[in-house]
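With the hints as extra help, turn the sequences into a complete structure.
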Amino acid sequence: MRVIRWLDEHIEEVLLVIFSGIMVFIIALQIFMRAVLDNSLPWSEELARFSFIWLVYIGISYGIKKQRHIKVDVLLVLFKERGKIILNMISNVIFLAFAAVIVYYGNDIAQRILELGQRSPGLGIPMGFVYLATPVGMGLTIIRLIQQLIQQGRALAGKGDFSVELEHDKALEDQDELIESSEKENPEDLIKTDNDNPKTDR
Numbered sequence: 002m003r004v005i006r007w008l009d010e011h012i013e014e015v016l017l018v019i020f021s022g023i024m025v026f027i028i029a030l031q032i033f034m035r036a037v038l039d040n041s042l043p044w045s046e047e048l049a050r051f052s053f054i055w056l057v058y059i060g061i062s063y064g065i066k067k068q069r070h071i072k073v074d075v076l077l078v079l080f081k082e083r084g085k086i087i088l089n090m091i092s093n094v095i096f097l098a099f100a101a102v103i104v105y106y107g108n109d110i111a112q113r114i115l116e117l118g119q120r121s122p123g124l125g126i127p128m129g130f131v132y133l134a135t136p137v138g139m140g141l142t143i144i145r146l147i148q149q150l151i152q153q154g155r156a157l158a159g160k161g162d163f164s165v166e167l168e169h170d171k172a173l174e175d176q177d178e179l180i181e182s183s184e185k186e187n188p189e190d191l192i193k194t195d196n197d198n199p200k201t202d203r
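For the sequence shown, the positions run 2 to 203 when this note's numbering is used.
Simulated from the structure, these hints should not be mistaken for lab results. Wrong hints could be hidden among the right ones.
Each pair of labels, with its calculated beta carbon distance range [what the hints assert, rightly or not]:
| id | residue 1 | residue 2 | range |
| --- | --- | --- | --- |
| 1 | Ile95 | Leu115 | 28 to 38 Å |
| 2 | Glu186 | Arg69 | 22 to 32 Å |
| 3 | Leu17 | Ile91 | 36 to 46 Å |
| 4 | Phe53 | Ile151 | 26 to 36 Å |
| 5 | Gly161 | Arg35 | 46 to 56 Å |
| 6 | Phe53 | Ala158 | 37 to 47 Å |
| 7 | Ile147 | Val37 | 45 to 55 Å |
| 8 | Ile71 | Ile28 | 18 to 28 Å |
| 9 | Val37 | Ile180 | 38 to 48 Å |
No residue lacks a Cβ here, since even glycine has one placed at the ideal position from N, Cα and C.
Here it is, written out as structure tokens:
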């Protein structure tokens with residue numbers, strides 16, 4: 002049970018870190034090979050590209066989980082909290098239907114490519130594994146959408162808590178986080194700024 006709970010909380014983060022790490026390492030290695038050893042790896046760009054594809058689709062699920070997808074919230078600002086939740090639920094249901102279609106056809110395409118035995122020219126891996134990024138990523142997205150719909154339903158029934166974040170609120174949160182991190186990293190600069198701009202009593 003603990004494993005399932007941990008995966009539910011961190012599966013996207015782990016996958017994003019893995020694929021991001023692969024991309025950064027491979028690109029840095031390729032630059033080193035070309036600039037220093039005057040020799041390039043034929044498969045490096047291919048691996049970085051495939052990692053980026055997986056990164057994008059896993060990122061969709063992560064965005065749903067954290068409510069970080071960019072959206073037009075013109076209608077949301079017109080409603081109170083209950084209306085915002087209902088409107089967000091409608092949006093999630095539409096997204097859920099779209100994701101289900103993508104999973105169905107994405108899996109079909111991936112299975113066909115696996116059956117054909119098509120392989121990548123550089124790494125020689127089955128291309129079907131690359132195409133599986135689509136159904137896997139959108140499958141995780143469906144799970145997150147269902148979880149969010151359940152939370153929203155419980156909130157409407159008064160059995161839970163759920164808040165719809167607006168783009169303006171997200172921007173303010175990001176700004177506050179940047180300020181806090183800047184103050185933690187460079188407290189001397191903050192003190193220096195205060196000393197350079199002393200307050201005068203009138």
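Original post:
Which hint numbers doesn't this structure obey?
Top reply: 3
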